[in-house]
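Chains as they are written, first to last, in this note's numbering: chain A, 1 to 580; chain B, 581 to 751.
Just so you know, these hints were derived from the structure itself, not from any lab. Bear in mind the structure is a predicted one, so any value in this text is a computation, not a measurement. Built from N, CA and C at the ideal position, the CB exists for glycine as well. Be aware that a few hints might be false.
Selected chain A positions facing chain B (in silico; Cβ < 10 Å) [claimed, not checked]:
# : residue
1 : Lys127
2 : His128
3 : Ile148
4 : Arg153
5 : Lys512
6 : Ile514
7 : Ala578
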Amino acid sequence: MPEKSGAEILIDCLLEQGVDTVFGYPGGAVLPIYDALFQQKKIRHVLVRHEAGAAHAAEGYARSTGKPGVVLVTSGPGATNAVTGIADAFLDSIPLVVLTGQVATTLIGSDAFQEADTVGITRHCSKHNYLVKDPADLAATVREAFTIATKGRPGPVVIDIPKNVQVATAPTDVKGNSPNRFHPAREAEYAAINQAVELLAKAKAPILYTGGGVINSGPDASAALRELAELTGAPVTSTLMGLGAYPASSEAWLGMLGMHGTYEANMAMNQCDVMFCLGARFDDRITGRLDAFSPDSIKIHVDIDRSSINKTVRVDLPIVADVGTAIRQMIDIWKGRKVKPQPLTEWWSKIEGWRSVRCLNYPASKSEIMPQYAIERLYAATKDRAPIITTEVGQHQMWAAQHFHFDAPNKWLTSGGLGTMGYGLPAAVGAQMGNPDALVIDIAGEASIQMNIQEMGTATQYRLPIKIFILNNEWMGMVRQWQQLTYESRYSESYSDSLPDFVALAEAYGWKGIRCDDPAKLDDAIAEMLAYDGPVMFDCRVAKTANCFPMVPSGAAHTEMILHSDEVSGTMDDEAKALV
Amino acid sequence: MHIKEEVSERHVLTLTVDNEAGTLARIAGMFTSRGYNIDSLTVADISEDHATSRITIVTKGPPPVIDQIIAQCERLVPVHKVTDLTEAGPHVERELALVKVSGAGDQRVEAMRLADIYRARVIDATVNSFIFEITGGPDKIDTFVTLMREVGLVEVGRTGIVGLMRGSGAS
Ligand SMILES: Cc1ncc(C[n+]2csc(CCOP(=O)(O)OP(=O)(O)O)c2C)c(N)n1
Ligand SMILES: [Mg+2]
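Kindly generate the complete structure, drawing on both the sequences and the hints.
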């Protein structure tokens with residue numbers, strides 16, 4: 001049988017998986033793979049500027065296209081630099097296959113040059129990982145890795161490949177069948193689905209609480225969710241990760257829930273009689289104080305990962321299944337039986353009452369740009385182009401979640417679980433690679449953007465016309481806000497001192513730079529950004545000490561939301577501080 | 581503010597896993613990284629082709645935590661099956677211990693006499709020492725070791741528990 005090198009087998013396997021883009025950075029332990037890449041034309045390699053950028057770019061690519069993202073980095077520092085992105089993808093269930101070089105098998109364990117225990121380091125922040133010791137095992141490993149990354153609850157899978165395994169040869173049985181030991185269930189049990197239908201049909205105050213799982217399940221799950229919402233007449237809310245699965249322009253949309261969610265979403269969660277959780281996981285940023293979380297509701301939870309069920313909140317009806325499939329099953333039963341939901345007029349009038357609080361209102365200003373206003377204007381100027389929005393982490397992220405509205409899935413890319421500053425720019429690079437014609441905007445903070453700012457060079461190199469819209473408040477605003485609310489305004493190390501001149505920086509990278517600090521000129525400046533056919537960094541100087549409301553302070557119940565800054569206390573007891 | 585503790589239950593879990601590099605580290609490490617307890621852990625290859633191993637873990641936690649532990653174990657790719665013997669019903673648990681005592685005269689006679697009562701076997705003897713081999717449930721071994729402290733205990737080695745369900749079914 002003809003033989004090929006491990007590196008060549010790897011390339012063949014990537015092609016077999018339909019991979020067309022790899023985000024990576026070369027180094028000694030992956031030189032054989034880079035040489036094999038050089039000798040083919042089907043896979044594009046995107047050279048990032050830092051391996052964290054490679055992992056986040058692959059996340060952005062995956063989240064916006066629905067396909068797995070592929071990362072290629074060298075051993076030691078290459079692998080450790082990628083760890084943040086791997087951990088990020090693990091918490092947000094993003095399918096990645098991360099290929100890391102490793103020192104030769106004969107050197108493993110000897111503290112060789114650029115040796116790190118990559119499988120040890122990534123073991124608990126990846127869905128699975130491998131150390132491949134023989135090129136004959138590579139094909140089966142790569143195939144299983146793609147299955148594991150994409151099936152069930154998606155996540156990152158790491159394949160560590162020693163350099164001698166890349167060089168050594170093995171028979172090229174690339175098409176051969178490998179046994180697959182990973183078979184997550186997709187369909188829900190009929191009895192459970194049936195019971196869910198009955199509970200929803202009888203509900204007088206139902207709510208659909210949706211999460212990132214609906215997006216991971218694919219576009220059909222979002223379509224099915226819309227249908228279910230219509231059939232049941234129930235209001236819909238979503239976690240940060242699930243925005244876009246249900247159209248924000250719908251009447252039944254309550255906005256995001258949780259710590260910075262809307263008053264109506266949190267109140268409806270608290271007062272509902274049947275809570276139907278679809279692909280969300282009762283994270284602490286969602287529930288607030290657990291013993292006060294929706295005390296009187298019957299809870300149904302559909303999740304593909306059984307460990308997400310009953311993890312923090314006990315539910316009455318657990319359903320382990322793919323959300324899209326489970327919703328379709330419900331719709332079939334619902335329609336088949338011509339189920340009539342309860343009249344929900346009373347429930348909706350309650351909700352209208354909460355809506356009338358207009359919790360997202362903020363004090364307007366003529367002299368300075370309010371950050372919320374900036375997001376509103378950006379949304380107004382771009383919504384017709386259905387842009388892909390990425391974010392960094394902080395107040396700007398929450399303002400974007402509150403004031404930018406999404407009508408379709410896969411348009412909102414943000415680091416929810418890990419909350420990784422520095423995610424947004426590389427994620428925008430990945431999203432633009434996967435969606436060359438889309439308008440891609442990173443809504444950033446001036447502090448976060450500096451964490452992976454080197455990726456501007458990547459955008460320049462590949463002529464990616466991404467836009468970075470910085471809400472520059474000269475503070476690590478989210479940290480400053482917490483210090484104001486819980487530590488009596490002792491602003492310890494949260495000022496963004498010595499900022500670069502972002503316009504000059506943009507120009508240094510061959511980008512266009514725009515600065516605006518006048519609300520009257522904002523629309524024109526945004527138009528100028530959008531009209532420019534190339535990457536733009538927009539330094540939007542906003543009000544410096546605005547706070548993000550509404551807010552469920554940590555340790556509080558949903559009903560104890562702070563709506564406006566005049567309700568702010570300035571201290572917090574130790575129990576609450578410890579929950580942060 | 582003080583940290584609060586919850587009431588724990590002891591559970592014996594058996595896991596059927598792929599016998600491959602890193603599986604034990606993955607399972608043991610998952611327990612540590614998620615803050616679960618391991619009282620004992622045993623592992624050995626159990627299939628003819630050496631492809632699968634059985635791991636027995638004794639753990640403690642409040643019931644919802646035990647449920648999470650099982651779910652988190654099941655989530656690991658090389659884990660095929662998890663059985664909670666404590667929940668599953670009647671089962672047997674056995675552990676083996678080697679217990680070394682040293683002494684002379686009456687102490688030595690007493691050690692022998694107790695060993696006899698507990699059906700421990702002598703597997704090594706010198707003029708001033710014995711090594712006993714004892715198998716049994718964890719309580720029996722605990723009691724035996726406590727008694728041996730009185731008669732010159734030198735050291736103990738224990739295997740940790742293995743367990744099987746009673747009756748003809750497999751766990
Ligand atoms: C890598 C990382 N380090 C630290 C934090 C903690 N953190 C959360 S928000 C924030 C401040 C972000 O400031 P900025 O990017 O300016 O956003 P703003 O809140 O001002 O909108 C910090 C430091 C984090 N989330 N990620
Ligand atoms: Mg800031």
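Now for the hints, and whether the structure bears them out:
no.	hint	in the structure
1	Lys127	holds (7 Å)
2	His128	holds (4 Å)
3	Ile148	holds (6 Å)
4	Arg153	holds (8 Å)
5	Lys512	violated (45 Å)
6	Ile514	violated (45 Å)
7	Ala578	holds (6 Å)
The structure is inconsistent with the numbered hints 5 and 6, although it conforms to all the rest.
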